[in-house]
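J.: Each protein sequence line maps, in turn, to chains A and B. Taken in order, the first sequence gives residues 0 to 485; the numbers are from numbering that gives the first Met the number 0. Taken in order, the second sequence gives residues 0 to 497; the numbers are from numbering that gives the first Met the number 0.
Be aware that one or more of the hints could be misleading.
[Unchecked claim] With a Cα cut of at most 25 Å, we get these calculated SDA-like pairs of lysine to any residue:
| id | chain 1 | residue 1 | chain 2 | residue 2 |
| --- | --- | --- | --- | --- |
| 1 | B | 428 | B | 459 |
| 2 | A | 376 | B | 297 |
| 3 | A | 385 | B | 240 |
| 4 | A | 355 | B | 101 |
| 5 | A | 474 | A | 2 |
| 6 | B | 91 | A | 375 |
| 7 | B | 145 | B | 128 |
| 8 | B | 359 | B | 420 |
| 9 | B | 145 | A | 375 |
| 10 | B | 91 | A | 337 |
| 11 | B | 95 | A | 2 |
[As the list claims (entries may be wrong)] Rough simulated footprint, nothing fancy, chain A against chain B, three-plus residues with beta-carbon under 8 Å:
| id | stretch |
| --- | --- |
| 12 | 64–72 |
| 13 | 221–229 |
[What the hints assert, rightly or not] Across the chosen pairs, the derived CB separations fall in these ranges:
| id | chain 1 | residue 1 | chain 2 | residue 2 | range |
| --- | --- | --- | --- | --- | --- |
| 14 | A | 232 | B | 204 | 51 to 57 Å |
| 15 | B | 157 | A | 348 | 43 to 49 Å |
| 16 | A | 101 | B | 124 | 44 to 50 Å |
| 17 | B | 149 | A | 54 | 53 to 59 Å |
| 18 | B | 156 | A | 242 | 53 to 59 Å |
It is worth saying that the hints were derived from the structure and are not from the lab. In this text, a Cβ means the ideal position worked out from N, Cα and C, and glycines have one as well.
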Amino acid sequence: MVNLLYQKSITELHDLLVRREVSAVEITRSVLERVERVEGTVKAYVTVTAEQALATAEEVDAKLAAGGDMGPLTGIPMAFKDNMCTKGVRTTCSSRILENFVPPYDAAVVEKLAGAPMIGKTNLDEFAMGSSTENSAFFTTSNPWNPDLVPGGSSGGSAAAVASGEAVYALGSDTGGSIRQPASFCGVVGLKPTYGLVSRYGLVAFASSLDQIGPLTRTVTDCAMVLQAIAGPDERDSTCAPGPVPDFNAALTGEVRGLRIGVPREYLAQGVDPRVAGAVGAAIDLLAAMGAEVEETSLPHTSYALPVYYLIAPAEASSNLARYDGVRYGYRAARPEDVVDMFMQTRSEGFGAEVKRRIMLGTYALSAGYYDAYYLKALKVRTLIKRDFDRAFTRYDVLLTPTSPTLPFKKGEKTMDPVAMYLSDICTLAAPLAGIPALSLTCGFVDGLPVGLQLMGPPFGERTILRAAHAYEQKAGHWRRQAEGV
Amino acid sequence: MNRRLATGAARRKGYRGMEYETVIGLEVHVELKTESKVFCHSTTGFGGDPNSHVCPVCLGLPGVLPVVNRQVVEWAILLGLAINCRIASFSKFDRKNYYYPDMPKNYQISQYDLPICLGGHLDIEADGVKKRIGITRLHMEEDTGKLVHQGTITTTPYSLVDYNRAGIPLLEIVSEPDMSSPLEARAYAEKLRQIIVYTGVSDGKMEEGSLRCDANVSVRPRGSTRLGTKAEIKNMNSFRALQRALTYEVERQIGVLEEGGRVVQETRTWDEGKGVTLSLRSKEQAHDYRYFPDPDLVPLVIDPAWVEEIRACLPELPEARSARYVEKLGLSAYDAGVLTAEKSLADYFEACLALYPEAKAVANWVMGDLARLLNAAGQSVDQGRVTPERLVGLLQLIDRGEISGKMAKDVLEAMFATGADAVRVVREKGLSQISDEGAILEVIRRVLTENANVVADFRAGKDRALGFLVGQVMKKTRGQANPDAVNRLLRETLQEQG
Numbered sequence: 000m001v002n003l004l005y006q007k008s009i010t011e012l013h014d015l016l017v018r019r020e021v022s023a024v025e026i027t028r029s030v031l032e033r034v035e036r037v038e039g040t041v042k043a044y045v046t047v048t049a050e051q052a053l054a055t056a057e058e059v060d061a062k063l064a065a066g067g068d069m070g071p072l073t074g075i076p077m078a079f080k081d082n083m084c085t086k087g088v089r090t091t092c093s094s095r096i097l098e099n100f101v102p103p104y105d106a107a108v109v110e111k112l113a114g115a116p117m118i119g120k121t122n123l124d125e126f127a128m129g130s131s132t133e134n135s136a137f138f139t140t141s142n143p144w145n146p147d148l149v150p151g152g153s154s155g156g157s158a159a160a161v162a163s164g165e166a167v168y169a170l171g172s173d174t175g176g177s178i179r180q181p182a183s184f185c186g187v188v189g190l191k192p193t194y195g196l197v198s199r200y201g202l203v204a205f206a207s208s209l210d211q212i213g214p215l216t217r218t219v220t221d222c223a224m225v226l227q228a229i230a231g232p233d234e235r236d237s238t239c240a241p242g243p244v245p246d247f248n249a250a251l252t253g254e255v256r257g258l259r260i261g262v263p264r265e266y267l268a269q270g271v272d273p274r275v276a277g278a279v280g281a282a283i284d285l286l287a288a289m290g291a292e293v294e295e296t297s298l299p300h301t302s303y304a305l306p307v308y309y310l311i312a313p314a315e316a317s318s319n320l321a322r323y324d325g326v327r328y329g330y331r332a333a334r335p336e337d338v339v340d341m342f343m344q345t346r347s348e349g350f351g352a353e354v355k356r357r358i359m360l361g362t363y364a365l366s367a368g369y370y371d372a373y374y375l376k377a378l379k380v381r382t383l384i385k386r387d388f389d390r391a392f393t394r395y396d397v398l399l400t401p402t403s404p405t406l407p408f409k410k411g412e413k414t415m416d417p418v419a420m421y422l423s424d425i426c427t428l429a430a431p432l433a434g435i436p437a438l439s440l441t442c443g444f445v446d447g448l449p450v451g452l453q454l455m456g457p458p459f460g461e462r463t464i465l466r467a468a469h470a471y472e473q474k475a476g477h478w479r480r481q482a483e484g485v
Numbered sequence: 000m001n002r003r004l005a006t007g008a009a010r011r012k013g014y015r016g017m018e019y020e021t022v023i024g025l026e027v028h029v030e031l032k033t034e035s036k037v038f039c040h041s042t043t044g045f046g047g048d049p050n051s052h053v054c055p056v057c058l059g060l061p062g063v064l065p066v067v068n069r070q071v072v073e074w075a076i077l078l079g080l081a082i083n084c085r086i087a088s089f090s091k092f093d094r095k096n097y098y099y100p101d102m103p104k105n106y107q108i109s110q111y112d113l114p115i116c117l118g119g120h121l122d123i124e125a126d127g128v129k130k131r132i133g134i135t136r137l138h139m140e141e142d143t144g145k146l147v148h149q150g151t152i153t154t155t156p157y158s159l160v161d162y163n164r165a166g167i168p169l170l171e172i173v174s175e176p177d178m179s180s181p182l183e184a185r186a187y188a189e190k191l192r193q194i195i196v197y198t199g200v201s202d203g204k205m206e207e208g209s210l211r212c213d214a215n216v217s218v219r220p221r222g223s224t225r226l227g228t229k230a231e232i233k234n235m236n237s238f239r240a241l242q243r244a245l246t247y248e249v250e251r252q253i254g255v256l257e258e259g260g261r262v263v264q265e266t267r268t269w270d271e272g273k274g275v276t277l278s279l280r281s282k283e284q285a286h287d288y289r290y291f292p293d294p295d296l297v298p299l300v301i302d303p304a305w306v307e308e309i310r311a312c313l314p315e316l317p318e319a320r321s322a323r324y325v326e327k328l329g330l331s332a333y334d335a336g337v338l339t340a341e342k343s344l345a346d347y348f349e350a351c352l353a354l355y356p357e358a359k360a361v362a363n364w365v366m367g368d369l370a371r372l373l374n375a376a377g378q379s380v381d382q383g384r385v386t387p388e389r390l391v392g393l394l395q396l397i398d399r400g401e402i403s404g405k406m407a408k409d410v411l412e413a414m415f416a417t418g419a420d421a422v423r424v425v426r427e428k429g430l431s432q433i434s435d436e437g438a439i440l441e442v443i444r445r446v447l448t449e450n451a452n453v454v455a456d457f458r459a460g461k462d463r464a465l466g467f468l469v470g471q472v473m474k475k476t477r478g479q480a481n482p483d484a485v486n487r488l489l490r491e492t493l494q495e496q497g
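Using the sequences and the accompanying hints, generate a full structural model.
T.: Structure, rendered in structure tokens:
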């Protein structure tokens, strides 16, 4: 099968560029044409920056023609989730309140990917709060495998763009599963790195102690390459880890013999769709057959991840989102009576229902008289969850679970039931609470829909989970299947 | 006399014979004069156009992150050591959440339960009585911006916001409620300011807002061990205002109690013009700040070795300096106190001393004529035009007999006004003292010839006549003759002639 340019992986396109068989402009055109063809259905983008993408591609081609150096991502068209600041290009967080906000600066990851033609800014649940993109103030993105279904969220636009060929890769952000769950729903690879591996500077904050930027790609190799490009210390982010970045690509040996894999039983208990459990079970069998040592284990505090997450994340969000008040930038209510009225009207009109819900939850959890019972208690249980992982990683190199308990669901199916929506992230909430890396990749298909497998590793254990994911991917070969809904 | 009573209105008798005690604690905010702001690289310079010292970080734009300025931590430790605090080995930043348009993020980064410095003290003296005031804590935080209203805050059609000040580093120093009179409170605030200026971390100018003082004040019946209900007083923009506001507030609270009322816990603002405190908001309207650890900043783990390095950099503080002036320079305790009250004055004094090691003479000129000129001009010594070199130049002219001490006062005034050095002033004004005895003798002979009747009076025993003759000589020399020489030569001449 001969893939069209927009369907190719980063590595394939890089080889073509190096051999001068195609130009960056040709690749970018191919992707932009694909956007033109399918975007009406997929609706992955809040903003498409076609001219800018072509201009960057032309610069790249000129530089290459002059014999300039070329990084592995140079000239490869990509997309940013629309909560990463891009100088001169509006950054909306899919919210009315930032609908016309044009940042005067670039996020750290945007700087690091200079030389990559940016196709555009992708849709998300407003301020990254949600699991389906249905909380976007603008529109819902469609799942490229079946447009009636959601792509997952909150990085649904990024996942859908990569799955449908509207970008070769994209960056997403993950706070409770916002990279991995949409990666699972859209059949792509999504990695939430260790907290502190990638600078958050310029990522519009949702929950600062949980947010991490990570890649959404079609292959594990691509994932390693993008991670290589965006990881590393940044003096503008105090929470960013110092020290050198390891060689992720070198970890992709294709070998899992002797790898100790733990399967926490809590993640395959009730609530998990048996078809999902079946696909995950088959993947476990394949890994065991490849020589990995697979064992059932337990993370006893797993059931607390959801309540802990829904106290800590909203608490931080209630403070992080306080700055949207209409004073300095963004939406401002038209005719306020006074300054307090301006705050209230601006925020009432500018934020959507889910954002308001979480601001209220978080404000409550931090309030005098409730702080100890809710926020402080949640911090303590967070430590217990972290210890579960510390203990498990003394015995296992990676932990394996489903990424989502269900297959991609229908648009509108869960919008009236916030808790049902929250449960969609039940398998992905613990990793950010523990600060550990976690990756999702496709482990099978049910009724033409992808099923995601999650691999979690110890802090800065990206090399190990990438190795396991890569070996599995090469053996299972699911990555070759293209989204069939568009 | 009762010791406590000695310190001003420590205790006051009510109309019904009830005696009251005053309890005061102070919260002092100090603006640090670092080059850049506390959490970003924006400059801290003053006087720029509105919103010219800003960047995405201090404007709180979406996506930005704070990174703590190492200098701020260092200066917090330095000042903490200077006021005898313990330096925490583990400290963190918290967010104080409330909405106000001058706050770019609608939260202020501050320190809540784990401040960087704890448990210090200052020794003060009020009305001649010494007292130790406890310091609860010192913590770091960021300043807010400034609102400019068109008219008053309630009637303004719109307000303008200037974020130049947003993110300027502040230290907040909280005292124990150890002060029992407005005078003590003032003495504490002045002492704290003195030390702040000595450490060099801030200008400590209350009028310009680089030092701000809030007070918690309550009264209680004498002997009661329970604290009365307190009011927090804000907006006192000078030490004098602090003392006045507290004096007013103590009287007000006693008045409320005397009338059978209850003091309400509230925040009050000092109205300088009217000389009263006014209610700003009650406890019920108080903010719930919802403090929580700032997840964007990592906790500070402070290496004891670093603290020792900073301790080694502590400058000589006023008390030590004053003691040294008494012991090593032989100055009186009073003079030493005056000279060390302001660091700039003491530095000036020592700069003079390095060039001219006559401590007493230098002290007299610095504390006397120079201080008078500076006060009249409202300048501090480092702003004045009379540099240490120039003052010493003046003293050397006196020593060489080129000008008299009396003339020197006029020369100093001219130096102060024009910025010229002493030699130039003397030359330009033709003030140089005539010490040439031949020249003086010539004038004397002329005066004696012209005033034969006065000479006769002198010989007749009228001593006053000599004074007149001296005056005539001085007049003819336009005051430039060395008065000692005139006296001596005049007597000699009269004797010779007689």
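J.: Work down the list of hints and note, for each, if the structure agrees.
T.: Here is how each hint holds up against the structure:
1. Annotation: proposed proximity of residue 428 of chain B to residue 459 of chain B is violated, straight-line Cα distance about 39 Å (limit 25 Å).
2. A distance of roughly 20 Å separates the Cα atoms of residue 376 of chain A and residue 297 of chain B; the hinted pair therefore holds under the 25 Å criterion.
3. Distance restraint check for residue 385 of chain A and residue 240 of chain B: the Cα-Cα separation of roughly 54 Å exceeds the 25 Å cut-off, and the hinted pair is therefore not satisfied.
4. For a cut-off of 25 Å, the pair hint linking residue 355 of chain A to residue 101 of chain B stands: about 23 Å separates their Cα positions.
5. For the given pair, residue 474 of chain A sits about 20 Å from residue 2 of chain A by alpha-carbon distance, which is consistent with the 25 Å threshold.
6. Between residue 91 of chain B and residue 375 of chain A, the direct Cα distance comes to roughly 16 Å. Compliance with the 25 Å bound is thereby established for this hinted pair.
7. Only pairs whose Cα atoms come within 25 Å are accepted, and residue 145 of chain B paired with residue 128 of chain B is rejected, the gap being roughly 40 Å.
8. A C-alpha spacing of about 22 Å is found between residue 359 of chain B and residue 420 of chain B, which places the hinted pair at or below 25 Å, so the restraint holds.
9. About 34 Å separates the Cα atoms of residue 145 of chain B and residue 375 of chain A, which puts this hinted pair outside 25 Å; it is violated.
10. Simply put, residue 91 of chain B and residue 337 of chain A have alpha-carbon atoms about 36 Å apart, too far for the 25 Å limit, and the pair is violated.
11. Distance hint between residue 95 of chain B and residue 2 of chain A is unfulfilled; the C-alpha atoms sit about 55 Å from each other, more than 25 Å.
12. Given a C-beta distance limit of less than 8 Å, the hint that chain A covers the stretch 64–72 of chain B holds, as 4 residues qualify and 3 suffice.
13. Counting residues of the stretch 221–229 of chain B whose C-beta sits closer than 8 Å to any C-beta of chain A gives 0, which falls short of three, so the coverage hint is violated.
14. At roughly 40 Å, the beta-carbon separation of residue 232 of chain A and residue 204 of chain B lies outside the given 51 to 57 Å, and the hint is violated.
15. One distance hint, 43 to 49 Å for the beta-carbon pair residue 157 of chain B and residue 348 of chain A, is violated here, with the actual separation near 20 Å.
16. The hint said 44 to 50 Å for the Cβ distance between residue 101 of chain A and residue 124 of chain B, and at roughly 59 Å that hint is violated.
17. In this structure the hint that residue 149 of chain B and residue 54 of chain A lie 53 to 59 Å apart at CB is violated, the actual value being about 45 Å.
18. In this structure the supplied range 53 to 59 Å holds for residue 156 of chain B paired with residue 242 of chain A, their Cβ-Cβ distance being about 55 Å.
Hints 1, 3, 7, 9, 10, 11, 13, 14, 15, 16, 17, counting from the list given before, are not met by this structure.
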